[in-house]
Amino acid sequence: MEITLTHYLVLSTVLFSIGLIGVMRRKNLLMLFFATEILLNSVNVALVAISHYYGDFTGQMFAFFIIAIAASEVAVGLGLLVLWFKRYNTIDLDNMTQMKG
Amino acid sequence: MLFEFLAFYMFAILTVAMFWITVTTSHSLYALTALAAGMLFISAFYFMLNADFMGVVQIIVYAGAVMALYSFGMMFFDTTRELHEKKTNSALVFGLGVMSALVTVAMVAAPIIGGNIEAQNPIVEGIGNSQAIGMVLFTKYLVPFEVAAVMLLVAMIAGIVMAGKKMDESYSELSEDEIDTKNAELIS
Numbered sequence: 015m016e017i018t019l020t021h022y023l024v025l026s027t028v029l030f031s032i033g034l035i036g037v038m039r040r041k042n043l044l045m046l047f048f049a050t051e052i053l054l055n056s057v058n059v060a061l062v063a064i065s066h067y068y069g070d071f072t073g074q075m076f077a078f079f080i081i082a083i084a085a086s087e088v089a090v091g092l093g094l095l096v097l098w099f100k101r102y103n104t105i106d107l108d109n110m111t112q113m114k115g
Numbered sequence: 024m025l026f027e028f029l030a031f032y033m034f035a036i037l038t039v040a041m042f043w044i045t046v047t048t049s050h051s052l053y054a055l056t057a058l059a060a061g062m063l064f065i066s067a068f069y070f071m072l073n074a075d076f077m078g079v080v081q082i083i084v085y086a087g088a089v090m091a092l093y094s095f096g097m098m099f100f101d102t103t104r105e106l107h108e109k110k111t112n113s114a115l116v117f118g119l120g121v122m123s124a125l126v127t128v129a130m131v132a133a134p135i136i137g138g139n140i141e142a143q144n145p146i147v148e149g150i151g152n153s154q155a156i157g158m159v160l161f162t163k164y165l166v167p168f169e170v171a172a173v174m175l176l177v178a179m180i181a182g183i184v185m186a187g188k189k190m191d192e193s194y195s196e197l198s199e200d201e202i203d204t205k206n207a208e209l210i211s
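One line per chain: the protein sequences are A and B, in this order.
If you read the first sequence in my numbering, its first letter stands for residue 15, the second for the next number, and so on.
If you read the second sequence in my numbering, its first letter stands for residue 24, the second for the next number, and so on.
Here chain A stands alone, though its shape is the one from the complex (with noise of 0.2 Å):
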């Protein structure tokens, strides 16, 4: 009946998996910015588990780390999202072939 870092790692990975799903699936951007969220979160809960029980601060502090830089990515990508959006009128993926070789 005890809760042990097994379980939180395998609920980690299984949110892993479903922010996977989500990158492999998604043609609209906005929802691909969505499942790289569940990724970053998913890797949060286990570093915090990981830091409960071996005792560690350092965990704590890539999670911290990882949540400041999530933070960033959405500004900068919301902002050229919109930039896209406002010249082209769509944030589908499969129509950003500008660099296909």
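Simulated from the structure, these hints should not be mistaken for laboratory data.
Note that this is a predicted model, so its numbers are computed, not measured.
Certain hints may be false.
What the hints assert, rightly or not - Derived contacts from chain B toward chain A, CB cut-off under 8 Å, selection only: (1) F28; (2) V39; (3) V79; (4) V80.
No residue lacks a Cβ here, since even glycine has one placed at the ideal position from N, Cα and C.
Starting from the known structure of chain A, fit chain B onto it as the hints suggest.
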């Protein structure tokens, strides 16, 4: 012990359900609200793991700031439109599936292999979590903390500069024809 058990499973099921809705729904507003709820439920795990500071940061930054940013961003996009799904490339699905299976094995096996890990910044009894985080953050991680602050400032300025272009002319005050000509100018 029973309380912890029940709380873990309840929040695990809720979080997985919310994130599943986020990646499968065809309404972007449902996806946004489900993501916000999932972020809140994630913070419950942090409180269960005695990481109070991380729980509060999760609520403020993710459920507060990031979700507000997304909902502001969604005002620019056509959110009523049905979302179309990508036709998946089977080689990509196979590769990512193998990769996630490997990640699963590695994550579950890591504590077994790393049985003799020593704590670098041990958690001290009798000090609150936020206080202890502050002591570690402002001694050992001071330089990364300052770099993160500069990075957030750069991201803020970049967001304002990119999203704020042509904010002086309001599209809602223009007629349909004027908007069409403006869009044609932008595309060409």
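Taking the closest Cβ pair, is V80 (chain B) under 8 Å from chain A? holds (6 Å)
A closest beta-carbon separation below 8 Å is what the hint needs, so does V79 (chain B) meet it against chain A? violated (11 Å)
Chain A contact restraint on V39 (chain B) - CB to CB distance below 8 Å: holds (6 Å)
Given a cut of 8 Å on the nearest C-beta pair, is the interface hint for F28 (chain B) held or broken against chain A? This hint holds: F28 (chain B) lies near chain A, its Cβ roughly 5 Å from the closest one there, short of 8 Å.
Of the numbered hints listed earlier, the single one contradicted by the structure is hint 3.
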